[in-house]
Every structure is written in structure tokens, then in C-alpha cells.
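Whole structure, please, built from the sequences with the hints as guidance.
2 protein chains.
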Amino acid sequence: MAQAGEGRRNGRVTIREVADDAGVSVAAVSKVLRDAYGVSDALRAKVRASMDRLGYRPLASARGMRGQTYTLGLVLPDLRNPFFADIMTGVNNALERTQYQVMMGISASTAKLETGVVDSMIDRQMDGIILIGSTESRESLNTIAEKKPLVTIGHHDPSAEAFDTVNNNDQQGALLAVRHLVAAGYSKIAMLSLQGEPSSILAEREQGYRHGMVEAGLGGAINIASATQVMRDVQFAAKRLLQGPRRPDAIFCWTDFIALEVISVATELGLRVPEDVGIVGYDNTMFCDFAQNSLTSIDQSGELLGLQAARLVIERINGRTAVEHFVVPPRLVARRSTSR
Amino acid sequence: MAQAGEGRRNGRVTIREVADDAGVSVAAVSKVLRDAYGVSDALRAKVRASMDRLGYRPLASARGMRGQTYTLGLVLPDLRNPFFADIMTGVNNALERTQYQVMMGISASTAKLETGVVDSMIDRQMDGIILIGSTESRESLNTIAEKKPLVTIGHHDPSAEAFDTVNNNDQQGALLAVRHLVAAGYSKIAMLSLQGEPSSILAEREQGYRHGMVEAGLGGAINIASATQVMRDVQFAAKRLLQGPRRPDAIFCWTDFIALEVISVATELGLRVPEDVGIVGYDNTMFCDFAQNSLTSIDQSGELLGLQAARLVIERINGRTAVEHFVVPPRLVARRSTSR
DNA sequence: TCAAAAACGTAGAACGGTATACGTAGAACA
DNA sequence: TGTTCTACGTATACCGTTCTACGTTTTTGA
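Chains as they are written, first to last, in the working numbering: chain C, 0 to 339; chain E, 0 to 339.
None of these hints come from the bench; they were simulated from the model.
Incorrect hints may appear among the rest.
The list makes no distinction among identical chains, and a pair is therefore deemed to hold if it is satisfied within one copy or across any two copies.
No farther apart than 35 Å at their CA atoms in a straight line, the calculated lysine-lysine pairs in the DSBU-like style are these [unchecked claim]:
(1) Lys111 - Lys30
(2) Lys30 - Lys45
(3) Lys146 - Lys30
(4) Lys146 - Lys111
(5) Lys146 - Lys45
(6) Lys238 - Lys111
(7) Lys111 - Lys45
(8) Lys187 - Lys238
Nothing here was measured: the structure is a model prediction, and the numbers come from that model.
If you want it as C-alpha cells, here you go:
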């Protein structure tokens with residue numbers, strides 16, 4: 000076991016070899032590497048040339064021992080939801096011209112796994128952490144923030160001090176959805192929410208939904224069902240709603256791919272979308288636009304969220320301590336699934 | 000900048016503190032950590048207790064300097080394709096009871112970015128690398144394999160010696176698709192393939208498609224179009240096919256989400272699926288099952304592929320050098336999109 | 001009963017960078 | 001002309017582990 004590892008390590012160029020090649024000290028090379036103070040242009044050029052010639056790449060582990068690893072950790076709840084692809088695009092754009100690299104981990108939407116992933120990112124000396132759709136408590140997040148610069152996406156905590164948050168206005172997004180449905184003539188509007196560890200964005204969306212219903216004088220029709228992200232569970236919940244005594248004429252779903260599944264269930268039950276039941280999703284992912292779905296959805300500009308999160312975490316790495324809470328307004332994109 | 004980093008590092012428990020707490024040497028603690036030879040049960044228990052009491056976690060960077068980091072790198076081409084979620088499930092299952100952790104990177108399906116991601120994983124001392132849907136050349140892969148244990152998923156190279164491969168039989172998968180379409184009464188069967196850097200799995204699928212067409216006496220109708228993964232591009236290619244002079248009555252698409260897009264385009268053009276045009280996808284991702292899609296697809300057991308890849312890379316880390324090529328047979332799942 | 005072997009534990013040199021403390025030369029200032 | 005800065009380089013301790021080499025105790029075998 001050690002054998003294979005040892006054999007492979009050979010051939011790796013070290014900072015010492017670069018220093019020898021350039022005829023300077025190790026410290027000088029390190030300075031060039033870090034863009035540190037006290038290097039002349041001539042020396043910099045000489046060192047750069049040697050690095051290129053030898054194909055030198057600094058070892059992140061070694062750097063991590065005393066300085067930075069130039070690695071950002073990004074935790075996703077789930078790989079099936081294409082919304083996260085949009086966020087990643089934004090993150091990558093923000094990092095394009097920096098020397099930072101992102102490594103992703105999956106929390107599978109459970110606090111236990113999420114903690115494990117985050118801990119292992121801290122163990123791996125990530126310089127900063129971006130947490131998407133976290134279900135952790137304020138204290139847990141503060142604990143993480145004590146150790147590493149932290150930014151959350153999709154976690155509402157406007158009074159948080161130790162970490163930054165990036166969000167769309169989920170309450171308003173839900174409100175837009177309800178208003179749109181009401182305007183389209185629906186009145187028995189239900190919401191399908193997420194079951195499991197309580198998440199602040201779901202709380203916000205539920206709040207917005209309630210608000211919208213009351214505003215439209217439909218407070219009596221408020222009806223929030225919930226299901227985990229497991230297929231079978233969603234199908235069951237959707238059937239319950241659509242076959243129950245208080246059958247809704249519209250369902251606002253907390254995320255697109257759940258909405259697509261609800262469309263599927265409705266279709267199988269012989270219900271027509273949008274005539275018999277209107278459906279609204281959230282995130283406006285690429286699948287909404289497919290003709291067979293044509294799903295009305297709330298756009299929360301995932302790419303922008305990712306971009307901002309990356310910007311904020313790098314600012315924190317560079318020393319900012321004042322908290323920042325970034326909120327983008329959501330936008331409703333109407334499609335056929337609600338055009339009654 | 001250093002300030003923030005320094006302030007945060009404080010409080011981290013080191014192996015020395017554990018050793019002091021347990022009243023043993025640092026080396027002894029390290030041995031316990033690595034399950035190395037020469038520790039009595041009593042010592043092990045004592046050390047474990049101290050580790051728990053102090054909340055000790057070994058620092059990956061420091062471990063990486065001499066030994067392993069217990070981190071596996073996994074490179075995905077794309078975050079939008081839900082197929083990769085299946086693979087990840089398998090990988091995670093395989094790693095459940097080990098101390099390995101996976102970190103993911105995205106190659107965006109370009110060799111340049113892929114090289115960058117892989118290099119940065121090597122810099123970060125990942126113990127092994129799993130590459131999904133790689134478009135790199137044999138030499139590049141060999142170069143990587145020289146440095147780290149490497150396993151590819153979705154890359155055919157049965158004569159590779161330096162790294163393991165895990166695949167489904169793509170040629171057979173395509174063959175199944177064509178045979179199924181022929182049996183359902185389609186004859187002008189086109190294939191929509193992937194444009195860009197040549198990929199061996201696409202080559203295999205095209206080969207299988209050709210083979211199937213010839214076998215059915217339809218050699219003259221062979222028609223392979225291609226498009227990148229960009230939405231607009233796919234739509235354009237689909238329209239070209241469906242509005243062209245040799246309009247096919249069925250299209251075999253290289254992956255599900257492309258097929259869903261083709262269904263969308265066909266629908267918008269007023270064509271009925273499956274009556275006017277039959278559609279087959281590949282990967283049998285969760286979206287195929289939705290009633291509005293009901294997409295016939297080829298299942299390649301993503302979860303199994305992920306599981307095997309993780310197993311193989313760990314075996315290599317543990318010293319195996321003999322090459323292994325794992326191939327799983329694909330399975331056609333018929334749905335409404337081809338039931339003429 | 002004694003030598004040899006096995007089991008257990010320790011000391012301390014790596015690993016490849018970073019960053020502090022310091023030396024030296026030339027420029028600027030009085 | 002000396003003094004004080006500033007710019008540029010260097011030497012080297014240090015980060016938290018691993019792992020080899022070695023010493024000591026216990027067990028085994030004849």
C-alpha cells in the first residue's frame with residue numbers, strides 16, 4: 000500500500016528544485032507563488048520561467064499546513080435537482096480568474112451527513128465553505144463559521160452575524176405564485192412542501208403561500224401537504240391531494256422536479272393540466288421549458304446566487320468580518336401549466 | 000488575511016495533545032489512527048477514549064504530506080444530467096463503511112477543464128480518482144494513472160493497462176434500442192449523438208446503432224446527427240432532423256435529457272410521440288418515468304457502476320496493479336414513447 | 001532455563017510548503 | 001558624508017502527521 004503511493008509520488012517537482020533551477024532561495028519562490036511583498040520583476044520572471052520549465056505545481060497539502068489551500072468547499076443537498084447546476088455555473092464564473100478551485104460534497108439533505116461532509120471539508124483545510132440548502136441550526140452554522148469563512152445559499156437567517164447568506168426572497172416568490180394562480184382563476188390552491196428536517200426556505204415559502212391565500216380571501220382553503228424527496232413519497236402525497244375530499248384545483252410545489260412529478264401523477268389520474276389542475280414549480284430549471292411540461296415556475300436566478308456566494312466567501316477569506324446578506328427578488332415565469 | 004486564518008485555526012486538537020492526554024507517544028496515536036501493527040487492545044482503547052474526549056480529528060493536509068488523505072476525487076462532466084446522481088449513490092454506498100470521503104469536481108465536458116480539475120485533485124493529494132465520461136486521450140489517462148490510482152466510468156478502452164474501466168455495454172445498448180424500434184414498426188430510425196470532443200461511449204453507441212440498422216436491413220436509412228449539450232444546439236439539430244427531407248420516424252438519443260428535449264421540439268412542431276415519431280433515450284433516469292415523458296430508455300445501472308468504480312479504486316489504493324475492466328449488460332425499459 | 005522471536009512502544013527525521021526575522025544593498029534625505 | 005529608509009533576498013523554524021529504526025518487554029519453543 001505504501002509502496003504504490005511512494006512510487007507515484009516520485010517525479011513531483013518541489014519548490015526546492017524550482018529554487019535551485021532559478022538560482023534563488025526557496026523563500027523567494029514561495030513569495031512569487033503567493034504574490035507576496037518584496038520580489039523584483041526580474042526575480043519574478045526568472046522564477047516563473049523555472050516553474051514553467053519544470054512543470055511545477057504547488058502541493059495543496061503542504062500549503063495547507065501553514066497557509067491556504069486555495070480550495071473552496073461547496074455542499075449540495077442533492078444531485079438530482081438540476082437547479083444546483085445553475086448555482087455551480089455562477090460559482091465557476093466567479094472563480095474563473097482566481098486561483099481558487101471548488102470541490103463539491105453531497106449532504107443528501109440530512110443534517111447528519113451534512114455535518115460529516117462539512118467536517119471533512121474543514122479537515123481538508125478548505126479556505127471557505129458554501130453551504131446550499133442547509134438544514135443545520137444557527138448554532139451549528141456558527142460553530143462552522145468559527146473555523147472557516149462560511150456563506151449559505153438558501154438559508155434564511157437575517158440576524159446571523161458570523162456568516163453571510165445569499166437568497167432569493169422566498170416569501171415573495173410564493174406570494175407571486177399564489178397571486179398568479181388566483182389571477183388565472185384558481186381558488187382551491189394547495190401547497191406541496193418538503194417533509195423532513197425543517198428548512199428556513201420552506202418556512203418562508205409556506206409563509207408566502209399563506210399570506211397570498213389570506214390576501215385573496217382564500218384563507219379557508221389553505222392546505223399544505225408535504226412529502227420527502229423520495230419518488231414514492233411524492234407520488235403518494237400527490238395522489239392523496241388529488242383524490243382527497245378537498246381536491247385542489249391548483250398545486251404550488253416547492254421545487255420544479257416535484258412539480259413535474261405531480262404533473263405526472265395528475266396525468267395518470269386522468270386529470271388535465273392546466274384545465275383540471277394548475278401547477279406551479281420553483282427554480283425555473285431547464286426542464287420547465289420542455290413542451291411536455293411547460294411548467295410555470297418561479298425564477299430565482301441560480302447563477303447570480305452562485306456568483307454572489309463565491310464573491311462573498313472570497314471576501315471573507317481576505318479578511319472581511321462584517322456580515323452581508325444578499326437577497327435577489329424572484330420572478331414568475333408563466334407557462335401553460337397555469338393558463339386556464 | 001493571515002489573521003482570520005490564524006484566529007480560526009486555534010482550538011484544533013492535534014495528535015500531540017491526544018498523546019499527552021492518553022499518556023502515550025505521538026507515534027502510538029498515529030498507529031491507532033492507521034490501524035497499524037503493534038498496538039495492544041489496552042493502548043488502543045486508551046487512545047480512542049482520549050480522541051473522543053478531546054474531539055480529535057486528523058488534519059488531512061498533514062496526513063497527505065507523508066501518507067494518505069483518505070479522499071477520493073470524482074470528476075463529473077455535467078451537473079444537469081441526473082444520471083450522475085445514480086452513480087454517486089453507488090459510490091456513496093460503497094464508501095459507507097470506510098474512512099474515505101469523496102470530493103467532486105466538474106469538467107464541463109471539455110478536455111481542458113477536465114485536465115485542470117484532475118490536476119488540482121492530484122495537487123490536493125486525493126488518494127484515487129474516478130473519472131466519469133472522460134474525453135481524454137489514452138496517453139493523458141496513462142499520465143494521470145502514473146500519479147494516482149485511476150478508474151474511469153463511461154470510457155471504453157479494453158486494452159488499457161494502467162487504469163481500470165467501468166462501463167455498460169454501450170454497443171449492445173444501442174443495438175437493443177434499434178431492435179426495439181424495429182420491432183415496434185419504425186424503420187426510418189435516426190440517431191442523435193453528441194458533438195464535440197470524441198468520446199468512446201458515443202463511438203460505441205453509434206457503432207451499435209449502425210450494426211442494428213444493418214442487421215434489420217435498414218443500412219440505407221442510417222442517419223446520425225449530432226449536437227452539443229447546449230439547449231439551443233439540441234433544438235436546432237432536432238428541428239433539422241424533423242423538418243428535413245429525410246424525416247425519421249424514430250430518433251435514438253444518446254442520453255435521456257436530450258431525448259426529453261427532442262420530445263419537446265417534436266411536440267412543438269405538432270408531431271405526436273409515439274405515433275409520428277418514436278423516441279428512445281439512454282440511462283433510464285428518473286424523469287423517464289413521468290407520465291408526460293414516458294420515455295423508453297436503456298438502463299445501465301448507474302448505481303452499480305458507481306459501486307464498482309469505488310471498489311476498484313480502493314483496491315488499487317491498497318496495492319492491486321492488475322487491470323480490471325468491469326462491464327454490465329444494459330437493459331431496455333419500454334415506455335409509451337415507442338409504443339406505436 | 002535460556003535463547004530466539006514476537007509484540008509493543010518510543011524517538012525523531014522526514015514531507016513540501018509558509019512566514020518570520022533578519023541581512024544587505026542602493027536610494028533618499030539632511 | 002553620514003544616516004535613515006526602502007526594496008529585495010535569504011536562512012530557518014514551523015505546521016501536523018507518518019513511518020523507519022530501534023529499544024524494551026513478553027511470549028514461545030526446545
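Hints versus structure:
For a Cα distance limit of 35 Å, the shortest separation of Lys111 from Lys30 across copies, 28 Å, qualifies, whereas the shortest one inside one copy, 41 Å, does not. In this assembly of identical chains, Lys30 and Lys45 lie within 35 Å of each other by CA distance solely inside one copy; the values are 13 Å within and 44 Å between copies. Both within a single protomer and between protomers do Lys146 and Lys30 lie at most 35 Å apart by alpha-carbon distance, with minima of 26 Å and 27 Å respectively. In this assembly of identical chains, the alpha carbons of Lys146 and Lys111 lie at most 35 Å apart whether taken from the same copy (19 Å) or from different copies (34 Å).
In the homo-oligomer, the alpha carbons of Lys146 and Lys45 lie at most 35 Å apart only across protomers (28 Å), although the nearest pairing inside one protomer, at 37 Å, exceeds that limit. When the C-alpha separation of Lys238 and Lys111 is checked against a cutoff of 35 Å, the pair qualifies only within one copy, where the shortest distance is 30 Å, while the shortest distance between copies is 47 Å. Proximity of Lys111 and Lys45 under a CA criterion of 35 Å is satisfied inter-copy only: 27 Å between copies versus 50 Å inside one chain copy. For a Cα distance limit of 35 Å, the shortest separation of Lys187 from Lys238 inside one copy, 16 Å, qualifies, whereas the shortest one across copies, 39 Å, does not.
Violation of the numbered hints given earlier is absent; every hint is satisfied by the structure.
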